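Asks: Sequence:
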Amino acid sequence: MSSEKSLRSIKLIRYLCVLVLIVIPVSMLVTPFVDYAIIEGLDENWTVTKTLYFFLVMAMPLFAIVVNAMRSKTEKRLMRAMFLVFGYTIWLTYTSAQELSYPVFGFVSLLGAVFVAMIFYCCLRDGNLAPTKVFYVLALSSCLVAIPMLQVTANVAKFTALRDAFGTSYILYGYENPRAVGWIATFSLILTSVLLLERRGEERFILLLSFVATIAAATLFWSGSRGGILAFLMSLGVFLVMSRNATRWRLAHVIACVFSGLILSLFMHLPSRSFGFFARVSSSLDAEGVDGLSSSRMTLWKNNLSYIFDQPLTGYGLLPHKYLPGLSGGSAHNIIIELWLWFGILLGSAVLLALIWLWIALLRIALATSNPHIRALFALTTTFAVYCLYSGPYARTLPLLFVGISVGTILGYGARKPTEAIEDAKSAIPSTQSS
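Just so we're aligned, residue 1 is where the sequence shown starts under the UniProt record's numbering, counting upward by one.
Quick caveat, the hints were computed from the structure, so don't treat them as lab data.
Given the structure is predicted, the values throughout are model-derived calculations rather than measurements.
Check the hints yourself; a few may be wrong.
To be verified - Cβ-Cβ distance ranges computed for the label pairs, FRET-style:
| id | residue 1 | residue 2 | range |
| --- | --- | --- | --- |
| 1 | Val241 | Glu75 | 29 to 35 Å |
| 2 | Glu99 | Leu313 | 20 to 26 Å |
| 3 | Val108 | Thr314 | 18 to 24 Å |
| 4 | Met242 | Leu346 | 29 to 35 Å |
Idealized CB from N, CA, C, for every residue including glycine.
Given only the sequences and the hints, what does the whole structure look like? Please build it.
Replies: Here it is in structure tokens:
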């Protein structure tokens, strides 16, 4: 009887993984068009974030099945530690928050991303899902973030009217603002760039990957995300240091795709100086000089630090930015300051060390494997980590799900049975010789 329950649990976990891999691209494809059609009659736009948030709320009871799939003592201990932190977060936020809607949104997104990471971990650990499929779903679905760029360019008059009503910093079809588009475009660009550099058995997909990389680069430059460019370059640099297959010609190919995307972005309509990489840099330099590029971040961080020093031990609970005076925006735009603000300096530092330990564990798996898809997913997690030092993707559902899927896939791949790992190593030998 227990074996039948275990088998049903394994099947359900695989179905949940497939469901997540279907819902993400469908929501990214459909939501911008729905928002385009109905936005003129609403007070605010409908976003992919909201679509996925409600999906997590409805799917959370199903995700909880993964708790029974944790087998080893280490898995169970880590799971208990995570849920202990989540329990403390609920208590602290409830007792501290003056307004709960935004913290609840953040809590559901974080917990949902953790559950998603756990189900992908179990599925990959048991050999029920190939990392190749995970990679291509994430790489191709993230390219759909270009849809708002095409919608704005196709109907400039409509977006101009919306811009006057909402403001360009707070409106974009299917997304909160251009920076939210930049986060996912950066993920798409780093995923495809790494596979173009590795090219282990992927020669037949070179044209597809090159096309996706070009579209992702165009969307990234169009979004005006300066942080996205920096995160991409730093993550790519980390990968080049650890790569055994990247060559100058392959790197030149990636640079050509990025440059082609840059040229393409120049033909897309820029609604204001909030859009466009060069327009944003020029705007900041014209307004305040070189110091203007970072002054807003420094002011935001100083305001957050002043609250941290007022309550250094307890913190204020999850995402208190909407009700603490002087804290504009939905996050601190720095994960270190954010954790201190949420949990206090001691517990916040402990959570930070746990996240660093997690990244090191992912790095070890990426270094130990020759699988290009695992290495590409590791590059995505590195991009996210860099981004979190000066932006707030950790406070949004979509980037959290991308990272949760990637982390779970990498850890599950590293926890496979030894026989499966040996078979994968043997199967990689012919492709190494052919390349």
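Asks: So which of those numbered hints doesn't the model satisfy?
Replies: Per hint list: zero violations.
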